[in-house]
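Peer 1: For reference, the chains in residue letters:
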Amino acid sequence: MRKWLGILLLTLSSFQLHAAIEIYQFDQPKQEELYMQMIDELRCLVCQNQNLSASNAALAKDLRKQTYQMVTSGQSHEQIVDYMTQRYGDFVLYRPPVKASTALLWFGPFILLLIGIMVLIFTLKKRNELNDEQLSNAEHEQIKQLLDSGEK
Amino acid sequence: MKNSLPLVMFILLVILLAVGLELDPREVPSPYIGKPAPSFDLPSLADSSVTINPEEMKGKVWLLNVWASWCGACRAEHQVLNRLVKNHKIDIVGLNYKDRDSKAKQWLEDLGDPYVSVAVDRQGLSGIDWGVYGVPETFIIDQQGIIQYKNIGPVTQYDIENTIIPLISSLQQEISR
Amino acid sequence: MIPEIGQAALIIAFALALIQASLPLVGAQIGKPRWVNLATPVARGQLLFIVIAYACLSYSFLVNDFSVRYVASTSNTALPLIYKISGVWGAHEGSLLLWALLLSAWTVVVSIFSKSIPKIMLARVISVMGMISVGFISFMLFTSNPFIRLFPAPIDGRSLNPLLQDFGLAIHPPMLYMGYVGFSVAFAFSIAAMIDGKLDAAWARWVRPWTNIAWVFMTLGIALGSWWAYYELGWGGWWFWDPVENASLMPWLVGTALIHSLAVTEKRAAFKSWTVLLAIFSFSLSLLGTFLVRSGVLTSVHAFATDPARGVFILVFLVIVVGGSLVLFSWRASSLRSVGQFAPVSRETGLLFNNVILVTMAGTVLLGTLYPLVLDALGVGKISVGPPYFNQVMVFLAVPLYLLMGFGLFLRWKKDSVSRIKTKIIIPLSLALVAGVLLPLFLAPEQNGLTFIGLISASWVALAALLWLLNSTVSPFKLPASTWGAVIAHIGMAVTVTGITLTSIYSHEKDVRLAPGEFYQVGDYQFRLIGVKEIRRDNYIAYQGIVEASESGKHLVLMHPEKRTYNQSSMPMTEAAIDAGLFRDLFVALGEPLGAGSWSLRIYHKPFVRWIWMGALIMAFGGLLAAADKRYRRFRPHKKAVV
Numbered sequence: 001m002r003k004w005l006g007i008l009l010l011t012l013s014s015f016q017l018h019a020a021i022e023i024y025q026f027d028q029p030k031q032e033e034l035y036m037q038m039i040d041e042l043r044c045l046v047c048q049n050q051n052l053s054a055s056n057a058a059l060a061k062d063l064r065k066q067t068y069q070m071v072t073s074g075q076s077h078e079q080i081v082d083y084m085t086q087r088y089g090d091f092v093l094y095r096p097p098v099k100a101s102t103a104l105l106w107f108g109p110f111i112l113l114l115i116g117i118m119v120l121i122f123t124l125k126k127r128n129e130l131n132d133e134q135l136s137n138a139e140h141e142q143i144k145q146l147l148d149s150g151e152k
Numbered sequence: 153m154k155n156s157l158p159l160v161m162f163i164l165l166v167i168l169l170a171v172g173l174e175l176d177p178r179e180v181p182s183p184y185i186g187k188p189a190p191s192f193d194l195p196s197l198a199d200s201s202v203t204i205n206p207e208e209m210k211g212k213v214w215l216l217n218v219w220a221s222w223c224g225a226c227r228a229e230h231q232v233l234n235r236l237v238k239n240h241k242i243d244i245v246g247l248n249y250k251d252r253d254s255k256a257k258q259w260l261e262d263l264g265d266p267y268v269s270v271a272v273d274r275q276g277l278s279g280i281d282w283g284v285y286g287v288p289e290t291f292i293i294d295q296q297g298i299i300q301y302k303n304i305g306p307v308t309q310y311d312i313e314n315t316i317i318p319l320i321s322s323l324q325q326e327i328s329r
Numbered sequence: 330m331i332p333e334i335g336q337a338a339l340i341i342a343f344a345l346a347l348i349q350a351s352l353p354l355v356g357a358q359i360g361k362p363r364w365v366n367l368a369t370p371v372a373r374g375q376l377l378f379i380v381i382a383y384a385c386l387s388y389s390f391l392v393n394d395f396s397v398r399y400v401a402s403t404s405n406t407a408l409p410l411i412y413k414i415s416g417v418w419g420a421h422e423g424s425l426l427l428w429a430l431l432l433s434a435w436t437v438v439v440s441i442f443s444k445s446i447p448k449i450m451l452a453r454v455i456s457v458m459g460m461i462s463v464g465f466i467s468f469m470l471f472t473s474n475p476f477i478r479l480f481p482a483p484i485d486g487r488s489l490n491p492l493l494q495d496f497g498l499a500i501h502p503p504m505l506y507m508g509y510v511g512f513s514v515a516f517a518f519s520i521a522a523m524i525d526g527k528l529d530a531a532w533a534r535w536v537r538p539w540t541n542i543a544w545v546f547m548t549l550g551i552a553l554g555s556w557w558a559y560y561e562l563g564w565g566g567w568w569f570w571d572p573v574e575n576a577s578l579m580p581w582l583v584g585t586a587l588i589h590s591l592a593v594t595e596k597r598a599a600f601k602s603w604t605v606l607l608a609i610f611s612f613s614l615s616l617l618g619t620f621l622v623r624s625g626v627l628t629s630v631h632a633f634a635t636d637p638a639r640g641v642f643i644l645v646f647l648v649i650v651v652g653g654s655l656v657l658f659s660w661r662a663s664s665l666r667s668v669g670q671f672a673p674v675s676r677e678t679g680l681l682f683n684n685v686i687l688v689t690m691a692g693t694v695l696l697g698t699l700y701p702l703v704l705d706a707l708g709v710g711k712i713s714v715g716p717p718y719f720n721q722v723m724v725f726l727a728v729p730l731y732l733l734m735g736f737g738l739f740l741r742w743k744k745d746s747v748s749r750i751k752t753k754i755i756i757p758l759s760l761a762l763v764a765g766v767l768l769p770l771f772l773a774p775e776q777n778g779l780t781f782i783g784l785i786s787a788s789w790v791a792l793a794a795l796l797w798l799l800n801s802t803v804s805p806f807k808l809p810a811s812t813w814g815a816v817i818a819h820i821g822m823a824v825t826v827t828g829i830t831l832t833s834i835y836s837h838e839k840d841v842r843l844a845p846g847e848f849y850q851v852g853d854y855q856f857r858l859i860g861v862k863e864i865r866r867d868n869y870i871a872y873q874g875i876v877e878a879s880e881s882g883k884h885l886v887l888m889h890p891e892k893r894t895y896n897q898s899s900m901p902m903t904e905a906a907i908d909a910g911l912f913r914d915l916f917v918a919l920g921e922p923l924g925a926g927s928w929s930l931r932i933y934h935k936p937f938v939r940w941i942w943m944g945a946l947i948m949a950f951g952g953l954l955a956a957a958d959k960r961y962r963r964f965r966p967h968k969k970a971v972v
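Chains as they are written, first to last, in our numbering: chain A, 1 to 152; chain B, 153 to 329; chain C, 330 to 972.
Just chain A, with the same shape it has in the complex:
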């Protein structure tokens, strides 16, 4: 418990409730796009419920600077992601990587939908079968009555 007090104190002292506004210049609009995308997708490790774009923590400032330098030196999305995950693990990515451990996460929604549709179709089929059976039972009764009354 005391361990976290340190982190908590640090967090509270650096958590500032306003968006971080920095002026970075880019020669190429593609680089600016990549920078904006990266700081949106990277998680702040101090103010852990903000991305690097929104956080004003000192570490977030440093990481944005790093990202800026990597982007302007021509590095790609993958290279920047690698740099960050090498140091902080997958936790730093708001877009979880697609790997074996996250397969269920990424394909889950699609699988859920499929299962839902299949259950739907199955239930509908079964309901209509049951109703058909009942119908023929009722029809059976009708026929029987007709036959009985006809025999008299």
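It should be emphasised that the hints constitute simulated quantities derived from the structure, not laboratory data. There could be a bad hint or two in this list.
Said to hold, decoys possible - With a straight-line cut-off of 25 Å between C-alpha atoms, the simulated BS3-like cross-links for lysine-lysine are:
1) C:LYS596 to C:LYS527
2) A:LYS61 to C:LYS839
3) A:LYS126 to C:LYS743
Said to hold, decoys possible - Just some of the chain B residues that point at chain C, by a computed CB distance under 7 Å:
4) ASN155
5) LEU159
6) VAL166
7) LEU168
8) VAL171
9) GLY172
10) LEU173
11) ARG178
12) SER221
13) GLY224
Stated by the list, open to error - Ranges of calculated distance between the beta carbons of each label pair, as one might list FRET restraints:
14) C:ALA638 to B:ILE317: 30 to 38 Å
15) B:VAL268 to C:ASP636: 50 to 58 Å
16) B:GLU208 to A:LYS30: 38 to 46 Å
Small disclaimer: the values here were computed from a predicted structure and weren't measured. Here a beta-carbon is modelled for each residue, glycine too, at the ideal position from N, C-alpha and C.
Fit chains B and C to the supplied structure of chain A, relying on the hints for placement.
Peer 2: Same frame as chain A, but now just chains B and C:
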């Protein structure tokens, strides 16, 4: 029975949440455990013409303690570190993180200096390389330069006795085996 | 003295809730009319004492009684009056008291508007809601007591987080809680039906208005939260898929499925066990949200004082309430068999499909929110799941939903044919395609496939809704309120989707450095920095920027972004300047001084962003209309139940 499916799924959910109560969602484990320690070439706090590099520590088990004079929790753990080096033959290298030399030196004068040397990381870039996201943090590095453990937050006496000393002993024994 | 009265009142309310939760229910089972008749009076008694407790806590806030620990930690003498009133629910303990108050109030209101509900069923409903009251009050009494005293009492309290000193945020929790609590009514009715062993169209007619009203409040609560985040947090975002936001979205999604399922149960006596299950799910998700926000299991911007001990309590409560209801479901659901027949192509099937998608969406949100916990619990590692994931998968699910929202309205009940549908939809579908493609082609600054998809979906939903009104055999004005409500709610959804699509794709954001006199251009808009000055108010000092916004060279408005430092805290806060418009927002936030009078500024142009919340308001209005339908207010005296 189909109607029990929601109940079964709920029970699984509850188990997950119960386990979750024991975990700390804020803790970010280090991806460096079992991997070589990142390199750095930083000036020493005592004499800025001297450079400190983790290479120099190869052959022994050592600790890297990330600290700063502006960090309140570092104060709390400092006595624990002082006690540690007094009672055990363990080398601690300090990483002075985003601090000012004068303040750092004063801090050590006031509170004691358990470090064999202190590397100055003024910009925090080496900190980023090591995956530091808060202060204080402490790493245990083995004789081959592989990071074996990371302590997030201040080191407590409990951590020393139950995790750090046993780990260091077992690492040191491995070499003499 | 007053806090002790409040404490005593809370304890009495607890005792009454215990009686309310047990005697009527048991009495209904074993045939004791006296116990059954206790339900309403005891519920009213509980409300009285909860109101007393709440009044005592409010009083403590108003008179600055800092000997009450909760007041000391959330209030301050310098706090404006309105925020002392709203501060009562501003943190964990007080918000629980608000929950209990609203729950108790809903219970009494249900007991009042229940002339046509058989006494036995009403008694069971009130008992079940009493059980939930027991849970929340005991949560307070045992782990989160708002009346704990502090000795010695501090001279002044710690101030409210300046973020909370805001009207939008103040009103947001009560709205949301009204929604969460409202879903407990459908839940209680479902439990009562399962105990009874039967459920008919009349049951659905009783439950529908309550559920619609709960849904309306949830819609408003979520929209308020989103709107607040947009104008307060300073970065132009309006939804971040934070665990607490997700905790409110999940019951909303399932609640939407529930109101559609209830429509079928009322009209066709079908979908009975689906409706019951959805009612259980919506309320369960409300409770799950309470757990996630207060237990510390997930990190969140919203987190109340998180405490695993409190988490254990809520978890046990969850197990009892949700687990109990699901056990009952697995045992009794088969007795709720629906015999209504319907063909594969029919409105029933359309609605079923619609609910499958909605539940899948809720399941997806749950999956994404809990997945990091799953991997951590399995020891596989730590990951984060954020907006990039949710935005991608939810859009994928939303598109078939919107298509269905249109088709469904054309389908006939019970049996329809594809050929008949084809003739009906060809015109609106073509119109939607035209609107969704031509408009962006001519008006948008650049093209994007997602724009087409979003606008086609929105136009399709809106047109289908309008045609439902216009195609009916009677004059639209003779149609019942519930039809109008549905049409308006669907149109509201279309408006929201349009806003989300356009603002997500065409928003422009830039951090710029401006010296006084310099300007920045976005499309036709110019932002010129006039200067920055220091201002002083009651409880803060601030830097105030003066920015002139012009459109095509003509002066539009002066904007005043501020960077405030409140007296009680060192946290500086951005108050962005927003020029709101029907078709666009202009948004300026003040950054840092860069020397020589220059400042960094963040400038946004956000097209159609207001449509997101306007659509929500329209949806809420639609829901209200539907709840106000005459047929729910017709009192049919039921046969007196023989107990």
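Peer 1: All the hints need checking, so say for each whether the structure fits it.
Peer 2: Hints versus structure:
{"no.": "1", "hint": "C:LYS596 to C:LYS527", "verdict": "16 Å, holds"}
{"no.": "2", "hint": "A:LYS61 to C:LYS839", "verdict": "17 Å, holds"}
{"no.": "3", "hint": "A:LYS126 to C:LYS743", "verdict": "16 Å, holds"}
{"no.": "4", "hint": "ASN155", "verdict": "4 Å, holds"}
{"no.": "5", "hint": "LEU159", "verdict": "4 Å, holds"}
{"no.": "6", "hint": "VAL166", "verdict": "6 Å, holds"}
{"no.": "7", "hint": "LEU168", "verdict": "6 Å, holds"}
{"no.": "8", "hint": "VAL171", "verdict": "4 Å, holds"}
{"no.": "9", "hint": "GLY172", "verdict": "4 Å, holds"}
{"no.": "10", "hint": "LEU173", "verdict": "5 Å, holds"}
{"no.": "11", "hint": "ARG178", "verdict": "5 Å, holds"}
{"no.": "12", "hint": "SER221", "verdict": "19 Å, violated"}
{"no.": "13", "hint": "GLY224", "verdict": "15 Å, violated"}
{"no.": "14", "hint": "C:ALA638 to B:ILE317: 30 to 38 Å", "verdict": "31 Å, holds"}
{"no.": "15", "hint": "B:VAL268 to C:ASP636: 50 to 58 Å", "verdict": "41 Å, violated"}
{"no.": "16", "hint": "B:GLU208 to A:LYS30: 38 to 46 Å", "verdict": "43 Å, holds"}
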